[in-house]
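Undergrad: So the chains spell out like this:
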Amino acid sequence: MTAYLFLLPALVLLATFTFYPVIFGTALSLFEYNVISPPRFVGVANFRQIAADRYFWIALGNSVKYLAVVPVLQGCAILLALWVHRSARGIGWLRAAYYLPVVTSIVVVGIVWRWLYDDAGLINFVLLRLGLARGPIHWLASPGVALYAVMFVTLWKGLGYYMVIYLVGLEAIPPGYAEAAAIDGAGALQRLWRVTLPLLRPSILLAATLSAISALRVFEEVYVMTSGGPVYATYTMFYYMFDQAFGALHMGYAAALGVVLAVVTIGLSIASFRLLREGGLSYY
Amino acid sequence: MLVLLLSSGAWASPPRARIEFWTISLQPFFTGYIQGLIAAYERAHPDVQIRWIDVPPQTIEQKLLAAIAGGVGPEVVNLNTEGTLRLAEARALVDMDDAVPPAARARYFPNIWSSTRNGGKAYGIPWYVVPNVLAYNRELFRRAGLDPARPPASEEAFIQAATTIKQRTGVYGFMPNIDGIRFLRIFQEDGLSILAPDRRRAVFNSAAHVQVLTRYVALFKRDLFPTDTLQRGYLGATERYAAGQLAMLTTGPQFLLRVRTDSPDVYRDTAVAPYPLGRGRVLDLPTMELGVPLASRHRREAVEFALYVTDDANQLAFCHQVVVFPSTRAAAADPYFTRAGQSPEDRARAIAAGELGTARDLTVVVPHSDELYRAFREAVEQAFYGRMTPQQALDWAVKEWNARL
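Chains E and P, in that order, give the protein sequences. According to my numbering, the first sequence is numbered sequentially starting from 355. According to my numbering, the second sequence is numbered sequentially starting from 52.
Treat each hint with caution, since some may be false.
[Said to hold, decoys possible] According to the in silico footprint, chain P covers these stretches of chain E (three or more CB under 8 angstroms from chain P):
| no. | stretch |
| --- | --- |
| 1 | 360 to 368 |
| 2 | 383 to 395 |
| 3 | 411 to 417 |
| 4 | 480 to 486 |
| 5 | 561 to 568 |
[As the list claims (entries may be wrong)] As a list, the in silico DSBU-like pairs of lysine-lysine whose alpha-carbon atoms are at most 35 angstroms apart:
| no. | chain 1 | residue 1 | chain 2 | residue 2 |
| --- | --- | --- | --- | --- |
| 6 | P | 217 | P | 172 |
| 7 | E | 419 | P | 172 |
| 8 | P | 172 | P | 114 |
| 9 | P | 114 | E | 419 |
| 10 | E | 419 | P | 272 |
| 11 | P | 272 | P | 450 |
| 12 | P | 172 | P | 450 |
Source of the hints: derived by calculation from the structure; they are not laboratory data. Just so it is clear, the structure is predicted and the values come from calculations on it, not from any experiment. Where a beta carbon is used, it is the ideal one built from N, C-alpha and C, also for glycine.
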């Protein structure tokens with residue numbers, strides 16, 4: 355009984371802010387609702403409409419493309435964690451510096467990067483000065499480039515967060531394993547590939563799953579930097595949901611989009627677990 | 052003791068009506084004005100209490116919907132024409148043609164009162180209007196070899212000047228208002244219709260419409276305006292102008308205040324001229340309205356308060372605070388609007404006042420506006436990015452519109 359009492363505050367919060375919205379949102383997906391008029395039950399009509407909705411497929415396609423940020427981000431975060439996982443003078447400051455973008459408001463980050471990406475911004479200035487581009491690159495105004503430019507901001511902002519997860523994972527690996535491998539003649543690359551990374555797998559699973567979920571739910575960067583344009587090149591699932599809910603007042607349809615996105619996300623999380631479940635200290 | 056309590060008002064009966072009044076981004080610059088307005092109203096109407104809430108423009112519709120859904124919506128809310136029509140389509144607003152007596156309605160310019168009319172009903176009481184003017188950088192004009200005393204007076208001259216400035220200085224001459232659905236306004240400014248007279252059919256794919264779009268697409272391809280024009284709109288244009296990276300800015304006069312604050316140097320070089328009209332000789336007149344949600348518990352009092360905020364005296368007083376214009380005829384006739392001062396704002400005020408006669412709100416009122424606007428926006432972007440020809444893009448958008456109209 356005491357245990358349940360301890361659990362109660364968290365359960366109340368979860369019930370209010372997680373379970374209730376999930377249940378309400380799922381139920382809402384079966385209704386037509388514009389907030390003003392009473393909801394009207396439409397069954398699975400919203401889901402049927404989704405299947406034939408070209409903007410849904412555009413948004414889903416962009417969200418799936420956005421997943422490409424996950425392996426790059428994880429690779430960079432692991433390398434960064436390996437680099438700062440050592441004792442050296444000023445290493446604490448370095449770790450803090452990499453973590454700084456994580457705690458910076460995404461709106462501020464978006465505006466700063468919009469300036470950097472501008473035709474007359476710093477990035478184009480440097481590229482032109484170094485002779486690496488013949489004219490300014492339209493980072494956010496070119497349909498073929500904009501999504502990748504926004505993805506880079508996600509990568510830059512998330513790097514510190516995942517670095518910390520990997521640092522914790524690295525701290526937990528006893529140095530004896532790598533030392534034993536070194537005595538057996540393993541080089542640095544072999545030690546990384548055959549010892550460190552397999553032992554780091556639980557952290558990789560956690561970080562990859564979290565970042566995949568974040569990638570599918572990307573919204574703020576798009577909202578601040580491109581508003582889904584140009585020509586829907588950065589129009590993601592979350593942005594489409596937002597547009598439908600608060601632009602078009604199609605709350606039921608937006609909820610149905612949310613349900614579809616949840617199914618995709620759950621599917622992806624299961625796949626991540628299947629792929630990366632082996633590994634870690636307890637496994638070996 | 053009893054006398055003291057009674058005289059202190061502590062025993063006074065609670066107000067009969069509590070009116071929540073939402074405005075868009077008027078704090079902190081106009082806090083004093085709005086508070087004074089409210090205090091005067093409450094003195095004259097002791098049984099009414101006003102609660103003022105100021106909301107950022109980007110979030111007002113979301114917040115309004117959430118408040119209405121939660122049963123705590125405002126009684127009076129400030130919206131622009133597009134927002135008013137969107138909420139009217141969702142059956143959220145009171146019909147002002149019905150709620151406001153004819154004598155009170157007659158105080159407003161009829162063209163402005165009609166801005167929010169849809170299906171024979173008008174859903175907002177017009178508050179202030181902000182016709183665009185042309186602000187331009189005299190220094191950049193001089194560098195391009197143009198005479199700063201002779202700014203472009205027509206759309207044709209405007210484009211020509213922008214071309215010359217870009218070619219001779221490397222700085223962009225203009226950022227045309229083509230983001231979102233604003234190309235619908237460009238068509239209308241050129242005297243081209245969007246809908247057939249019966250409003251059941253879109254007609255913006257004629258040869259004349261295609262020609263206008265083709266021209267702007269060609270300007271875009273020649274790099275005569277920035278590539279982010281389609282995404283950034285007037286905010287991007289204002290930022291660029293304030294940074295000295297844009298020679299001409301077609302904007303509401305109130306944005307000159309931002310230039311004055313952000314870039315005093317650019318502001319010093321700024322001159323103001325009438326908006327360069329297109330071939331249709333019509334000027335867009337963005338309008339702010341006060342709407343009353345149908346969910347309002349004190350509808351009569353809310354309408355009365357909205358009429359008070361927008362009456363002649365209060366609109367005139369507001370126009371003294373910032374370069375905006377009244378929607379009522381008597382207030383607009385005040386000599387204040389025709390006195391040309393020396394500052395760019397004073398000049399803008401006098402110029403814009405002269406434009407009121409040729410201006411009307413060019414918001415296109417259609418059912419299913421979100422779907423139709425989305426199709427139009429996509430078509431225009433497809434044309435600009437070369438994924439469709441202008442003819443294909445407009446044909447496609449017209450087909451989408453006609454399927455829903």
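Undergrad: Just to make sure I understand the rule, a stretch counts as covered if three or more of its residues have a C-beta closer than 8 angstroms to a C-beta of the chain. Does the stretch 411 to 417 of chain E meet that for chain P?
TA: violated (count 0)
Undergrad: What's the verdict on residue 217 of chain P and residue 172 of chain P, does the C-alpha distance respect the 35 angstroms limit or exceed it?
TA: violated, 46 angstroms
Undergrad: How does the coverage statement for the stretch 480 to 486 of chain E fare against chain P, requiring three or more residues with Cβ below 8 angstroms from a Cβ of that chain?
TA: Not satisfied, violated; 0 residues make the cut.
Undergrad: Are residue 272 of chain P and residue 450 of chain P close enough, with their CA atoms no more than 35 angstroms apart?
TA: holds, 26 angstroms
Undergrad: Regarding the pair residue 172 of chain P and residue 114 of chain P, is the alpha-carbon distance no greater than 35 angstroms?
TA: Measuring from Cα to Cα gives roughly 25 angstroms; hence the hint holds.
Undergrad: Count the residues of the stretch 561 to 568 of chain E whose Cβ falls closer than 8 angstroms to any Cβ of chain P, and tell me whether that reaches three.
TA: Three-residue rule not met by the stretch 561 to 568 of chain E, so violated; n is 0.
Undergrad: Quick check: the stretch 383 to 395 of chain E, covered by chain P? Criterion 3+ residues, Cβ under 8 angstroms.
TA: Since three or more residues must qualify, the claim that chain P covers the stretch 383 to 395 of chain E holds, with 4 doing so at under 8 angstroms.
Undergrad: Holds or violated: residue 114 of chain P with residue 419 of chain E, Cα cutoff 35 angstroms?
TA: holds, 32 angstroms
Undergrad: Given the hinted pair residue 419 of chain E and residue 172 of chain P, is their Cα-Cα distance within 35 angstroms?
TA: Violated. Residue 419 of chain E to residue 172 of chain P sits at ~46 angstroms, over the 35 angstroms cutoff.
Undergrad: For the stretch 360 to 368 of chain E, count the residues whose Cβ lies under 8 angstroms from any Cβ of chain P; is that count three or more?
TA: violated (count 0)
Undergrad: With the threshold set at 35 angstroms, check whether the alpha-carbon distance from residue 172 of chain P to residue 450 of chain P stays at or below it.
TA: holds, 28 angstroms
Undergrad: Is residue 419 of chain E within 35 angstroms of residue 272 of chain P, Cα to Cα?
TA: Holds - the C-alpha atoms of residue 272 of chain P and residue 419 of chain E are around 28 angstroms apart, at most 35 angstroms.
Of the numbered hints listed earlier, those contradicted by the structure are 1, 3, 4, 5, 6, 7.
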